[in-house]
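Each chain is listed here by its residues.
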Amino acid sequence: MIKMKKINKIYGTGASKVEALKNIDLEVKENEFVGLIGPSGSGKSTLMNIIGCLDVPSSGEYYFGGESVENFNHNQLAEIRNEKIGFVFQNFNLLPYATAYENVEIPMIFMGVKAKKRKSMALELLDSVGLAARATHKPGELSGGEMQRVALARALANNPSLILADEPTGNLDTKSGDEILAIFENLWKQGHTLVVITHNPNISARAQRIVKLIDGTIENNGK
Amino acid sequence: MFLPQFLRDMRSQKMRTFLTIFGIIWGTISVVLLLGFGVGLEQRLYKNMHGLGEGIIILWPGRTSMAYEGLGKGRPLRFLEEDAFLLEREILQIKYSCPEYSKWDVKLKYKKNTYSSLVRGIYPFYSDMRNVIPERNGRFINRIDIEQKRRVIFIGFSIKEELFKDEPAVGKYISVNSVPFQVVGVLIEKTQNSTYGNRDEFTTFISATTFSSLFGYKYINNMVIQAHDPFQNEFIQERILQVLGKKYRFSPKDTEALLVWDTMENEKTTKAIMIGFNTFMGIVGAFTLIVGGIGVSNIMNAVVEERTKEIGLKMALGAKKRFVLGQFLFETLLITLVGGAIGLAFSYGIISAFPTTSIEEYIGKPTLSFGVGLVTVALLGLIGFISGLGPARRAANLHPVDALRQ
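Respectively, the protein sequence lines represent chains A and B. So for the first sequence, my numbering puts the first residue at 51; every next one is plus one. So for the second sequence, my numbering puts the first residue at 3; every next one is plus one.
Hints are computed from structural coordinates only; laboratory data are not their basis. Note that the structure is predicted; figures quoted are calculated from it, not measured. Watch out, some of these pointers could steer you wrong.
PhoX-like cross-link-like pairs, simulated, lysine-lysine; straight-line CA separation at most 25 Å [what the hints assert, rightly or not]:
hint, chain 1, residue 1, chain 2, residue 2
1, B, 323, A, 134
2, A, 166, B, 322
3, A, 167, B, 322
4, B, 311, A, 188
5, B, 322, A, 134
6, B, 16, A, 169
7, A, 188, B, 273
8, B, 16, A, 134
9, B, 323, A, 164
Restraint ranges, calculated between C-beta atoms of paired labels, are given here [unchecked claim]:
hint, chain 1, residue 1, chain 2, residue 2, range
10, B, 404, A, 129, 17 to 25 Å
11, A, 75, B, 21, 31 to 39 Å
12, A, 267, B, 404, 33 to 41 Å
13, B, 286, A, 165, 45 to 53 Å
14, A, 141, B, 340, 29 to 37 Å
15, A, 129, B, 336, 22 to 30 Å
Note that beta-carbon positions come from the ideal geometry of N, C-alpha and C, so glycine has one too.
Please take these sequences and the hints and turn them into a complete structure.
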């Protein structure tokens, strides 16, 4: 699914130079459930951004689905993010002025799905996370757990092969966190590949494999 | 779903939105009114200019300034009626050529009212060439008047006022140097800003044949010539020198032998001045509009700032640069066009309500022409596009990771 060879990410130059990632070699196979852990500042988010094609490495090789993406331009990267990757953020990142189903529709808009089909697909996705009844509510009217479920529905909008989540339960109480976790497990069983940054021991316990990052290098690559 | 968001943004910042749109409204009104007044003035100038006739040449005999075929220089020339017809026959580009007799200080009298007038002796087609058009119920000198040397007269509207006051004039008899003439027509009211002799409103016209037999004139005062195409006037002037030079034996290069007034020259000058004037007006207006555009650009920059995180999110979810670019350009154009539409409506109101007073004769009536509308819409579109481009590009060039971190 993804393969990284000697990935480095350097911010700044000279005295302010920061090596966020050093010689990362990482492979994630299809339908794997990988937990990414490590103290803050260890480079988890940077690695996540590169895996998610939001950022490009300073050096090294990165293959997504067999394709080398280092030389992709903005539009090609946008297409990969749109079609192959579903993002779930710690702070949900929902548009506050849009209803739940409108938020779910966003990736489909960029893919060019027609309005009518978009709406029915969005409603279906909301139903799959148990939020059909809340489709016309705005984020301000939803609980944290509900917002994250909307975000999950959005991440699944274009049926991506990879789901990338950054602390998906970080802002949730235990009960809501468990609900989200259950959905993740479900997705995994359905064949999705999951890469999840987490501090939540429940998630790391259920992940197939744990990758631990310390100071920009992989310390532990396995369970 | 992006339009509601845009409207919500605008609503949440009512004062800011109002001021932005106000800038565009103000600019639009400036452009439309300045150009509208320019067009009105131009139309009025042409209308006044055409009081004399459209693109005509007026030709007087002069004095030779070159020795030619054994004849010395300084020889005065005089023209006959037939010379006008000779030119019309010889020069294909001429549509009409009319001989014109003139006599000043002719005493006109009706009952106890008298008036001392310029009388011109002319042919019927003079009416079209010089825009000497009769009021309803009247007519101009016609072919039968010429053939029968009728004693009929066509009078300017100011002379009609002097002699007849409120009485109708057509059909009445007036004495012209003690000879009775029947009034057949009165000039319609027209404005005229250039003349040779006197304005038509103070002039009377009779048949050329009547004129020559009544006053015993053999030579005409001048000719009035109209081309099929006024842009050939220069060529026609050269040909006139050749044709009349051959008949009267002066050099075709002797430009002083004929005194020529080509009214197209005035028209060209006026046109050049008006182009300059309208360009100046347009630029002044456009600058006001540009200031409005700068306001819009500023606002859009602030909007990009406020929505950075959202832009980052959309990019993460797969929005391409051109989508972000398009969204912000669309919003900017929308603000500009809404302001522009309101501005155009206001301008239309102001122009419609413009008082038609006596100053209209001089400055004309401001006009919201198709051209003015087109220029304004084009300017608005351009300004909207330019002022939106900077902020939109800034938004589209945001790095998704940095934008998301906001």
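Distance restraint hint 45 to 53 Å, applied to the beta-carbon atoms of residue 286/B and residue 165/A: For residue 286/B and residue 165/A the Cβ distance comes to about 46 Å; the hint holds.
Outcome for the supplied range 29 to 37 Å, where the beta carbon pair is residue 141/A and residue 340/B: Holds - the Cβ-Cβ distance for residue 141/A and residue 340/B, about 35 Å, lies within 29 to 37 Å.
Restraint status (C-alpha distance of residue 322/B to residue 134/A at most 25 Å): holds (15 Å)
Range hint 33 to 41 Å (beta carbons of residue 267/A and residue 404/B) holds or violated: Given a distance of about 24 Å, which is not inside 33 to 41 Å, the answer is violated.
Given pair status - residue 134/A, residue 323/B, alpha carbons within 25 Å: holds (18 Å)
Residue 129/A paired with residue 336/B, Cβ distance criterion 22 to 30 Å: holds (28 Å)
Pairwise hint evaluation, residue 169/A against residue 16/B, where the allowed Cα distance is 25 Å at most: violated (32 Å)
Hint check for residue 129/A and residue 404/B - Cβ pair distance inside 17 to 25 Å: holds (21 Å)
Satisfaction of hint between residue 164/A and residue 323/B, Cα-Cα up to 25 Å: holds (20 Å)
Distance restraint evaluation - residue 75/A, residue 21/B, Cβ atoms, bounds 31 to 39 Å: Given a distance of about 57 Å, which is not inside 31 to 39 Å, the answer is violated.
Given hint residue 188/A paired with residue 311/B - CA-CA distance at most 25 Å: holds (18 Å)
Pair hint outcome, residue 167/A versus residue 322/B [Cα-Cα no greater than 25 Å]: holds (21 Å)
Figure legend: structure checked against the earlier numbered hints; hints not met, in rising order: 6, 7, 8, 11, 12.
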